[in-house]
Every structure is written in C-alpha cells, then in structure tokens.
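*Asks:* Sequence:
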Amino acid sequence: MTTPDDISHRKELARIILESGRSDFDNVELAEKTGIAESQPGPMGLLALEAPIPFPQGLEPRPKALNPKPVPGDALPKADVVVITWTVAELNALADVLTPGVPRTKWHQYNRDFAAKYDHQIRDGAPAKRSRTLGSYYMTEINNKRVLCYKSELHLNQDGVRTGDGTATLPVKDMFQQIIREAQPTHVLTVGTAGGIHLDHDLGDVLVTRGAKFRLQSEFKKEPFADAPPYVSNWQIPTTHFAKAEELMQRFAKNLEEPDFAPPTKRFNFNGGLLKARKNTPSIIHEGGVGANKIKPAHPILSTDFFEFGTSANADELFEIGCGMEMGDAALGLAVEGMPNAPKWAVLRNVSDPQINGDLWRGNKQNRALDMQAHWAVWYYEAYGYHTSVNSALATWAIIAGL
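In this text, residue positions in the sequence shown follow the working numbering: the first is 1424, and each later residue adds one.
By construction, these hints were calculated from the structure, which means they are not laboratory data.
Computed from a predicted model, the values in this text were never measured in an experiment.
Warning: the hint list may mix true and false statements.
To be verified - Cβ-Cβ distance ranges computed for the label pairs, FRET-style:
| no. | residue 1 | residue 2 | range |
| --- | --- | --- | --- |
| 1 | N1567 | D1782 | 47 to 55 Å |
| 2 | F1691 | A1649 | 40 to 48 Å |
| 3 | N1657 | W1784 | 39 to 47 Å |
| 4 | K1540 | K1699 | 49 to 57 Å |
From the three backbone atoms N, C-alpha and C, an ideal C-beta is built for every residue, glycine too.
Generate coordinates for the entire structure from the input sequences, incorporating the hints supplied.
*Replies:* Put into structure tokens, the structure is as follows:
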C-alpha cells in the first residue's frame, strides 16, 4: 500500500531526478545567460555517440538555423512535427541524434507570455521560476518534414501551485496548447524516460503508444481529470523504419550493459558468488510488435504525480492498465482534447529503470534512506538515463522518417 508519507518522499525524489544534470546555464534567468553557454563543457552525449550516426541516405536529420535568430519572446516557428522532451539527459540525447552538431546550449530560449500567463501558476523554487523560461528549441529536417525539437522547462511534477486539497495549477497543459497553436504541427511526439513495468521490458527498450492515462495520488488526485479514461490519438504510427532504428540502437547497446552486482559487504551469504554483468539488446515495443515487443493497441503510458515505478510486486496490476510509468504525458492528451484541428500524437518512452525487485525493503517514515526500491530506481536513471534516451530519440527519428 502506498501511504501519504511514501508519496511525499517519492515526490521529492521525482523533483531531484527531473533536475538532474542542470547547470548554471539552465537555472539562471535569460538576461544572465550571455556568455554562459561558451563557458559550459560540451554535452555528455558527444562523449558517448559515435558520430555521425549512419542514417539511411536522404533521411539524416539536418539541423536548420533560423534567420533571423529568434528572441525568447517570439512565437515558435511553424513545423510539421513537434518533438517535446523533459530532462537534461533526455535533451542531450535528443540533440545528439536529431540536431547533431548543435548542443543544448545553442538551442533558442523561449519565454513567450511567461510573465502574463505562467508565472503565477508556478511554485517558488521550480526550475522554470528560476530561469524565467518555458523551454528551449531548435529546428531540424527529416525526410522533408520540418521538425521543432523542444525541451520543456515546465513539468507536471515540478510546477503546481496548490489550489485546494488534491488540486493544483497545471501550466504544462497551457504550454502544450500554446506550442500547438503557434507551430501548427500535424503530429506531436513526447519523448523521454520511463519506469518499466513488464519483466521482459529491458533497460533501453522503447515503449511507443498512442495512449496516455493519469494515475494521480497526490496534488492532482481530486482534479476532474484524475479519473479520466485513457486519452487516445487515433492514427496509424508508421513502423517502416523501426527495424533500422533498432539496428542503430545496437551500435550503442554496450552503454546499457549492467555491471557485476553483489551484496554491499561480504557479511551477507550470496552463495559465494557474483551476479555477472547483463547485456541488453534494445528494441521498440509497440502494438505492431511480436512477442514481448507487442502491446495492446494504444495501451497507455501511465502519468503519475509522484515517482512511482514498476516492481515485481505491482507489475501484474499495473500492466493491466498501462505499459510504462512516467510523469507527464497524459497532460498532452488533456491539452489536445477538444482543440480545433488537434494534431495526432504519440508517446515514446525509453525504459531507463527496468522492473524493480518488489522484495527489497521500502524503508519507513523514520529512515527513508533505506528505501532500497527507490534507491535502485534512481540509480538506474542516473547511470543510464542518457544512454537509454538515445534509443527513444532514434525511435522518434524512425516515426518522423516514415510520415
């Protein structure tokens, strides 16, 4: 059973994870950013990817500079596809794959209507409150499609200002709608990390779904949308280039190898041995897949308002209602509901923390440091979040190349 104290603890962990990797460049206000980008080291992604990625000829992502260079208050440029990601690790991977040669420090800052529409909806201490931005973006082109790659500063788990018992502001929904109105895309793809639920979903696998559902037990638990049925986007996701994307993923699979494991001290009886390193072979899990790579049509991603993850104890219950766990995508389904000329959308979430052993101790109110389930879930994200995100960026490329 998840107690209110469990949720409070996991909510703080969520905010720590979502801020992981941020630097001075990300946290200072726009007016102070001048010169900071030049002082930052290159994004960690450049150390991990073999460049260039051998995309099929004619389907390579081609970053496109905007002329004139936009200022933060400008409206977003028109695009056929908008790709939205969330954390620094996810952004570094997305930039390495879709805007090669243009690191995140070179993306354009975006703060249109921040003071008037968003500032009062964002809690003190949230990343967007510090940076005074809604996000950053860069244009690229794939198969003659104009693609707006966007990193959000807003997040369901970061921003809410309490408006009542179980109700809070949700500025990320307004941001989704603003992006769609300005860019006028035909398709929106949200891309990022997720907790795996199914035991067969390995580290680095990518979940692709046209569905998203809220699973809210904290600040939004009494909102009208808390009990809404899954949001579904009715379209056929192109899979023509999924096999090529999986082939490209194998080039980086060595970065997903899990190390030797053993108890923390030799005082434990571990049958005298070691759990040997595990290699992972990443794949794309979708409704057209085969065997363990297949999910039910539009089987939704589950969007929580705290850091919840799949374990061997809750997997059967959770997989009945969703394919993976993350913290925000259902807000897109909510945002587009009822919008005129709403774009088609899909969720691409890489498994950055696989199903966790539910027999591990969860800690207690007196000593949360001993929550071993949360410890391992966080460890997996911190160790592998960038490397797994390369795979969801490659799956994103595959969908866009097939449109």
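*Asks:* Indicate, hint by hint, whether the structure satisfies it.
*Replies:* The hints, checked one at a time:
Judged by the Cβ atoms, the range 47 to 55 Å given for N1567 and D1782 holds: they are separated by roughly 52 Å. For the pair F1691 and A1649, the beta carbons lie near 43 Å from each other, so the given range of 40 to 48 Å is met. For N1657 paired with W1784, a C-beta distance near 44 Å keeps the hint of 39 to 47 Å intact. The hinted range of 49 to 57 Å is satisfied by K1540 and K1699, whose Cβ atoms lie roughly 54 Å apart.
The structure shown violates none of the earlier numbered hints.
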